[in-house]
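Participant: Sequence:
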Amino acid sequence: LARFIFALPLALIYISCLYHFQPITEAVHFNLRFAIYVLIAALSQIAATALMVQLFKQKNYAIGVGLAKSEAVLAAIIAVVFLSDHLSLLGWFGVAVGGFAVFLMSKGRDFSDFSVQTLCIGIGSGLCFAITSLLVREASLELDNLPFIHRAAWVLLMVIGTQCFLLLMYLGIFRRATLWAMWQRIGLTFRVSLCSFLASLGWFSAMSMQSVPIVKTLGQVEIIFSMLISAYFFKEKLARAEHLGIVLVVIAAFLVIWA
Numbered sequence: 033l034a035r036f037i038f039a040l041p042l043a044l045i046y047i048s049c050l051y052h053f054q055p056i057t058e059a060v061h062f063n064l065r066f067a068i069y070v071l072i073a074a075l076s077q078i079a080a081t082a083l084m085v086q087l088f089k090q091k092n093y094a095i096g097v098g099l100a101k102s103e104a105v106l107a108a109i110i111a112v113v114f115l116s117d118h119l120s121l122l123g124w125f126g127v128a129v130g131g132f133a134v135f136l137m138s139k140g141r142d143f144s145d146f147s148v149q150t151l152c153i154g155i156g157s158g159l160c161f162a163i164t165s166l167l168v169r170e171a172s173l174e175l176d177n178l179p180f181i182h183r184a185a186w187v188l189l190m191v192i193g194t195q196c197f198l199l200l201m202y203l204g205i206f207r208r209a210t211l212w213a214m215w216q217r218i219g220l221t222f223r224v225s226l227c228s229f230l231a232s233l234g235w236f237s238a239m240s241m242q243s244v245p246i247v248k249t250l251g252q253v254e255i256i257f258s259m260l261i262s263a264y265f266f267k268e269k270l271a272r273a274e275h276l277g278i279v280l281v282v283i284a285a286f287l288v289i290w291a
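Residue numbering for the sequence shown follows the working numbering, starting at 33 and increasing by one per position.
In case anyone wonders, no lab produced these hints; they're calculated from the structure. Some hints here could point you the wrong way.
Pair ranges (Cβ atoms, derived) [unchecked claim]:
| hint | residue 1 | residue 2 | range |
| --- | --- | --- | --- |
| 1 | Cys152 | Leu64 | 27 to 35 Å |
| 2 | Leu260 | Leu230 | 17 to 25 Å |
| 3 | Ala59 | Ala82 | 17 to 25 Å |
| 4 | Arg272 | Gln54 | 44 to 52 Å |
| 5 | Arg272 | Leu173 | 40 to 48 Å |
Glycine residues also receive a C-beta, built at the ideal position from the N, C-alpha and C atoms.
Produce the entire structure from the sequences given, and follow the hints as far as they go.
Facilitator: What follows is the structure, given as structure tokens:
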């Protein structure tokens, strides 16, 4: 809930500013398919986040996170098989290279602790994130009379609103202590929500313009920034495999751009 609770008012402020500074005459029309896409996307993202939190408890957390980042490959497969999407051969190659690069970097220096449980949780998280992304794009396409940035804003608002409603109901009934703990750490909760909102805004806007596998593969450059920050600010040395992984992520990004 910390990811969404303050993200909802931020999304409301954003869409209000968007319509103020970029007004449009087209009215927004929601249909049943849009509502279904939003609901399933909201639930999938909650499940993906819950599984990611479970990875923190695993001894081989880094490997699990690498598997969770397989969402680009999983999104490509689901999009082609179930949503009649198209990806060129070069695009497929870029997605595969990106997936391998992320796994290579997250594998770290020790693969001996790998477990089936980590495999299932990591792949499950990646699958849920992939489903979320694909349905966010499908929901955006249902608002085809609007510019892409307005479509993304509406989908973002509806998904976050749905998540807040569902989680507030659940925690209010079953885990009220969690709500109190969040209130006691309201500053930290706000910062988490702010970062989550900004990240989601970028993702949703990009996925309103381009197919999900391409967006997710390009988005893997976040791994590079994470590793550079850890190396230069926290003085953590990068392994040879991690250097290779960074190069492969860059190659994957160029491949999907050219595709």
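Participant: Taking the hints in turn, state whether each one holds.
Facilitator: Right, here's what the structure says about each hint:
{"no.": "1", "hint": "Cys152 x Leu64: 27 to 35 Å", "result": "33 Å, holds"}
{"no.": "2", "hint": "Leu260 x Leu230: 17 to 25 Å", "result": "20 Å, holds"}
{"no.": "3", "hint": "Ala59 x Ala82: 17 to 25 Å", "result": "36 Å, violated"}
{"no.": "4", "hint": "Arg272 x Gln54: 44 to 52 Å", "result": "48 Å, holds"}
{"no.": "5", "hint": "Arg272 x Leu173: 40 to 48 Å", "result": "43 Å, holds"}
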